[in-house]
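**Q** Quick note, the sequences are listed as chains S and Z, same order.
First residue of the first sequence: 1, per my numbering; consecutive thereafter.
First residue of the second sequence: 1001, per my numbering; consecutive thereafter.
I should point out that these hints are in silico values taken from the structure, not numbers from a laboratory.
The C-beta atom is built at its ideal place from N, Cα and C for all residues, glycine as well.
Wrong hints could be hidden among the right ones.
[Stated by the list, open to error] Between beta-carbon pairs, the in silico distance windows are:
(1) Z:1363 to S:300: 57 to 65 Å
(2) S:164 to Z:1096: 50 to 58 Å
(3) Z:1037 to S:106: 27 to 35 Å
Protein chains: 2
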Amino acid sequence: MNIALLGHGTVGRGVDEIITERVEGVDVTRILELPDRLSDPRMTASYDDIVGDPEIELVVECMGGLEPAHTFISAALAAGKSVVTSNKAVVAEHFGEFARQARTSGAALFIEATCAGGIPWIASIQKARRIDDVTSFSGIMNGTTNFIVDAMLREGADFDVILGRAQELGYAERDPSADIDGIDVRNKTLIAACVAFDVDCAREFPVTGIRTLTKAGLDLLSHHGRTAKLLGRGAQADGRYAVAVEPVALPKSSLEANVPANFNLVTLEGTTVGPLKFYGQGAGMLPTGNAIVQDVLDYMQGIRPSYDFSRDLAYDPALLSSDYLFMTTASVAASEPFDEGAVLVRDISAQRARALLGEALETDAASFMAAFPQEG
Amino acid sequence: MNIALLGHGTVGRGVDEIITERVEGVDVTRILELPDRLSDPRMTASYDDIVGDPEIELVVECMGGLEPAHTFISAALAAGKSVVTSNKAVVAEHFGEFARQARTSGAALFIEATCAGGIPWIASIQKARRIDDVTSFSGIMNGTTNFIVDAMLREGADFDVILGRAQELGYAERDPSADIDGIDVRNKTLIAACVAFDVDCAREFPVTGIRTLTKAGLDLLSHHGRTAKLLGRGAQADGRYAVAVEPVALPKSSLEANVPANFNLVTLEGTTVGPLKFYGQGAGMLPTGNAIVQDVLDYMQGIRPSYDFSRDLAYDPALLSSDYLFMTTASVAASEPFDEGAVLVRDISAQRARALLGEALETDAASFMAAFPQEG
């Protein structure tokens, strides 16, 4: 089978290497690259050479970004070519559109590599749904922020010090906003919700990152037997659903609290199977390449995932509610004292908590908030 | 599609319930039960009614035990009926024979439910192997012993107290040997090794349980930043492999050390995907029933796992080596002092360690041993 790669950066090279060394029956015959980077006879700068090639069945998009990825994926699906992509931004933005195009043309869209790198997360949600309702999911889905929190804890260092080191090591971008403000997790959470709840997930939901997390904040949580992790979460019940991205203060004995370095840990809760957790490398050339090649092999085995988002679920923020901790000098409505510089607000939704944080940030730009679920 | 259940105990009832309530297109038309338990019109005490029924495509065996399960599975496979089983004892004993019979008749053998309950563990090993070599695996695969260790730690109680409670709660059998002496984990480890390494795994390998674990032993480990967990493990390299079941002293910050109650956590290490860990309910009516029904659904989708054990790997105990801790009043060869009542032997194989424990038990029946891997 002939396939084409769109992009030959870190992920594209990983796919190329894995297929060449480990997979029989698949040939990467074309690679789309920029005009000044055509270093391989398979490379072309013209997408027409790929979408117009009848011998190419499958297009693997690993360019990233919204455009031209969106246009190229649409064109491939319209031409009846199936698409494998690792591009969470474009899938989060255009999932419903791609799914419709695929259904119309008979092609299929494969998205395992958009979330949690080498962890078979999308496939596991789909598999669980063959029998169960997925009543909730949550997860550490961003390696950069987990690396930062883990290193802050181990070294007793503050946020900026560790962020600087992560940037030097290549674990964080020069502009780290997508990671530390939760945008990356927001895209992955949206995609996971679409698959888990079979719904074209709302684009607007509460997103809070860890930009204002401090050593003092972690010390305070530690004193209460907890640590903070940035989680993407979703829940459904009784025809309603909610999603959110936010720091969560978890017991130190939880698996999540013990996830080291830049690893990911994702959880689903199924009706009969109960909780299932999956841990692994959430990014990187070979783990993400592995996820893409698994999708290519599924395609070869005749597997054709289909997304119709047929569930008519209502968005209801109240489904994600808990106590929330605020570390701020601002006054927070309906709060009670918790500890030095920290107050607690009981039983509010993630959406209400995000609004309260927004207000606090206007007074104190260093305000930090974390969900503080009751134990047990 | 018509299927038959062999046995209607906890697991069989779980399968029946899940299929009835949640799966379309599958009917449980026959159930094999003892003559004095025929409480349902589908039930029969005669296996001929099932193996001779041409409308039954698939037989789900959830009786447990070696006989008559072995005879019934063989007869079904010989008759060209595929078999789904949760019976780890019979698969561990007869895996090679069943695999040959299935290849000959064109039927298939499904074994997801033999290991780690609702966790998609066998499927995940098979999926990883589409691309990677599985270089090692390990796991907490027995909920009863994990419950005991977890409760001993949380309550500061001794082994017998917690074992008694586990028996009251139904988490442990009246004769707990299969769990606490590692026999159950031995069977699951053997099956996982067959699948992970594509080899008809050796029947004789080191197996040590936790029967002699004490509160004092856990306290000593805790003082050194560790806890003990009963692990099944396997490794392969350079055409060789080894397997073992034994307590392992793990850092308290490891995910394994934080697995609560009767949950399981299993790990594989793949060439390109790196480490993947899977956590969930390792037993129980609905989780194990879920694993069986997943196999039934795979069968319906045309998936036919095949095991040919074609890898000519040599068994080499040296592949599983580490430092070992012995808590005993007996003298242990080549040991060095470690702490009060405990000595360490550096860099020996699991097989050598098991032999040393055997010698120590002759002098001190309370001797305890745990692998003590170096950190990092």
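**Q** For every hint, state whether the structure bears it out.
**A** Evaluated hints:
no.: 1; hint: Z:1363 to S:300: 57 to 65 Å; verdict: holds, 60 Å
no.: 2; hint: S:164 to Z:1096: 50 to 58 Å; verdict: holds, 56 Å
no.: 3; hint: Z:1037 to S:106: 27 to 35 Å; verdict: violated, 50 Å
Of the numbered hints listed earlier, the single one contradicted by the structure is hint 3.
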